[in-house]
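Novice: Going down the list, the protein sequences come from chains F and G.
Residue numbers for the first sequence follow our numbering, so the first one is 2 and each next one is one higher.
Residue numbers for the second sequence follow our numbering, so the first one is 631 and each next one is one higher.
Incorrect hints may appear among the rest.
What the hints assert, rightly or not - Covered stretches of chain G (chain F as the covering partner; in silico rule of three or more C-beta atoms under 8 Å from a C-beta of chain F):
1) 708-715
2) 900-913
3) 1011-1022
Claimed, not checked - Facing chain F, according to a computed beta carbon distance under 8 Å, are these residues of chain G, among others:
4) L673
5) V682
6) L728
Worth flagging that the hints you see were computed from the coordinates, not collected in a lab.
The model shown is predicted, which means the values in this text are computed figures rather than measured ones.
Just so it is clear, CB atoms sit at the ideal spot from N, CA and C, and this is done for glycine as well.
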Amino acid sequence: MQIGALFGAMCLGSGWAGRAVCAEPLAPKRALPDYDGRGPAGRDAADAVTLVPRLLLSPLFVTDEYLLRRPLAVAIPAAERHDVPRRLYDFFTFGPGHQGGFLPVGFAEFDLQPSYGVYVFWHDAFLPGHDLYLHAETWTADWLSVALTQRLRFGRHLVELQVRGIRRPDYPFYGLGPDAPYAHRSRYGARTLESKASYDVRLWRASHVTAGVGVRAVQFSQGWHDDDRSLEDAVAAGTFAAPPGMDRGYAAELQHVTAVLDTRRPWPETGSGVRLKAHVEEANELQAAPSGRWLRTEATAAGYWDVTGARRVLSLSVAAQFIDPLGAGTVPFSELIMLGGNGLMRGFPWQRLMERSAAAATLRYEWPVGPWITGTIQGAFGNVFEAHLRSFDRRLLRMSWAVGLSSEKASSSEYPIELLFGLGTRTLEDGAGIESVRVAVGVNYGI
Amino acid sequence: MNMRQQTVPRRTRRARPALALVAVSVVAACAAPERRFPLRPPLWRDTDLDPVSIPCPAGAKDAPPHQEGCAPGTYQSSLMWDGADSIVFRPLSSAFRLQRGGEAIDVNSLDEVPDSAWFTNRLGVRPVSLDELRLAGCREEQLLEPDAYPDGSWTIDAGKKGGSVPGFRVVVPGKGKYLMKATQAMERVAAADVIGIAIYHAVGFDTPCDQTIHVRPSLLTLRPNLQYKLSFDKGRPFDGEMLAKVLADTTAPDGRALMTASAWLPGHVIGPFRYQGVRADDPGDVIPHEDRRELRASRLLAAWINHFDTREGNTLDTWLSTKPAAPAASPGYVRHYQIDTSESLSSDGWGQDELARRIGHAYVVDWGDLSGDFVTLGIRRRPWDDLRPARNHPVFGYFDADHFTPERWKNQYPNEAFDRMTERDGAWMARILARFTPEMLRVLVALAQFTEPQDTAYLTRVLEGRLHKLLERYLTGLAPFADLRVDGPARDQLCGVDLAALRGLRPPARFRFDARLADGAAVPVRRLSNAELCVTLPHRAPDGGVPDDAPSRYTRLSLRDGVAREALTAYLYDLGPARGFVLAGLER
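Please build the complete structure, drawing on both the sequences and the hints.
Specialist: Written out as structure tokens, the structure is:
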């Protein structure tokens, strides 16, 4: 009966097929005229040559043509006739100008638990320039992330308030130092609650200054993912020493200032220019005795060369990052400098390398692939080191390679949709062989 | 003797029958005999213009009794499916089927398209006067003069259904029904509509009667309880408030609103046609649309005016019954129309600059470009990299001539007929477009009635530039001879015109005409002007003794102009000195 109903739907729904597939008799077709009087051309040699390949490809053709194309040729027009697209659009959006809405999102990456969730946006909520965003993702009962962001744009100025909570069990920890082995990977869980307020002002060209304050509270728990050991088990087995702050959580207030001098201009100008960035963040633990304090500093210098003047941009950047305790306390390990993931050396998985300082040089090439889609390929040399790059040795440098596609971001505070493939190597001293592969796809909000 | 050395591998044994099959097929294909043009007049009228009868469906509510038959069913186009199928599923099916192109089917012995329910030869075969050009698809009595009507005399009796531009249907006393539309940027939209339709009509396509008019709001009377519905939107009331909103976007300081008016097409509307396949319930539709020359070659027409919105949704079929009192009755036939060129002459990317720059150069989702640019790291410079909006002419966006490459033009998503356009199809359309003189272009652009004279000048310049590039590309490959005929009192002159020379694509001295018979013997060419020529054909057959269509009378002449890469081959029957020659066929 279901097949009959489908046949009937095809009969009725496909006006183009009309009565051809139905029970109605059709008038016979007129004879095809012999337009040039020479009769049919007949087959040529190419038809013969393609006979065997066509037979070999016939299963794919049958799948596409009869299992996908023809049923969809009935279903999609029927849905359109019943206003399904408009209903879906009305369901997923709201507001008189559909300036608000929600979308399903997801992210998947090797060696991390995937996530799925919803992204809610409301532009010009209640007044122009006032945007609200809610992003929520989950996977298991241990994995939940919720972020609520409020932005107010007025001219060159942007004020942003954000409250974010994330709980996940699969944060990776490989040990500290430049030669922490990949095989030492363990997992820890953490529950982070963070709120922050920032003010950003656009200056000359793409230059801007951002200042902000916030509070961050972190609690650690036992972690897990696939067959990886928990951090506690790894420490107990003597794989590495317990990282600082592992046995306690912390809550700290933070203040930061970021200054970016960027000489680049938007399209249709070329993408050439120079970018200098300095970032300073001070944190003070709350309610801890003795109170821990630390200072994070970062400096980046980058040159961009638009090779063709059409946004094929080759860039070289050099970055250094430091985190230092102020006073007698230690820096919790989750606040240490990390390489991999969305940060420097993107070919490495998240949090692959951790220590008190890091330096990396990145050669990157970006080019337009399609509307709002950019291709990137990059290679980097770098690693983490002891405080102030004290243990720096070029033999300890690692290489990172990454290639991928990403959607263009309307601003630095938005998240791209990404498809990325990356490779990370061991140190040069160890032969620089490939030690890790990274594949990521989805809306990358970070971990 | 070593048995192992004598054994043929099993895999090879299995492959032998398949290889033999392929080999036999190849040999058979290569050994096909020559296909002679018959001695008969060329086909200039297709049989799909003959009325046919279609049985009414059993239990059809609308079928009056004692009726011979009904019209075909109504086809409702799905914008989403048309896009999805064109972008994803059809290309996959074609790829897996290793579908090969081929020459168009509806081509007569003179390499031309007969008059049919799809196409009527106009500019390509006869002069089109400037008045006829201005009328486009209109008859004189269809032209509207709003100021000649009293207030309230035009009745709005329906809101527009579908599309992205709001509008309404109006009944004009003594004239009939018209679909009227208005939107922002109306001057460019109206210009694109009337100019595009006029061009399509002059070339030979059936089009509605579209015109630009200025309407005073008081002329209109609105019936109550009307609804309108845009694509992907819900039905909304078309009331006084909505009417005022529609008119407000285009009302000039003098209080009149600029609108386009499209006369209701004759006959019973049965929906659009597809650019692929056939309509199963139309007995006259026997050629897959992707193999119709006029549809394939309309790609060049669309390229010329940047009509990137060429899709089934901008076509329309009507059933023309032989009984005007029963429009949905048989016998009759289906007439096929091209409608709505309002997205042409510009590169509106629906407000998105990333798309607008690519309009005409890439599909909205262009798998080839995406994968090619990714794999090659964007080394290849794309046309949109260098595009800048037309300075001082913002209404035209990125529409220009400098970045136009005719053979690489693309509409918004793949169109099967366009994809199958061959060099011969393109050359045919180019031969028609070559007849558009600069004066004709000025008349066409003047239809737009631009407020700014520099916009008129800019558009004329761009259309001329794009036309020149098109002709340069397609009249210098295959031989650009046209109007070929046997002439002279003795009917021994093969005369014609070289359209490349006519358009001045090269200096006259560059054209060196050469005519040769099948055995290589040169035949003198007489040049009547820069572009017109005649070839005196030598008789090699007697006046009688053998049938007129005997192979011995079949003569082949190749003609070159010294510019085009390929020659034209004319096939004639030599009926002897007394009766002269008959032109049987042409091959390019």
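Novice: If a hint holds in the structure, say so; if it does not, say that too.
Specialist: Right, here's what the structure says about each hint:
no. : hint      : in the structure
1   : 708-715   : holds (count 6)
2   : 900-913   : holds (count 7)
3   : 1011-1022 : holds (count 5)
4   : L673      : 6 Å, holds
5   : V682      : 6 Å, holds
6   : L728      : 5 Å, holds
Figure legend: structure checked against the earlier numbered hints; every hint is met.
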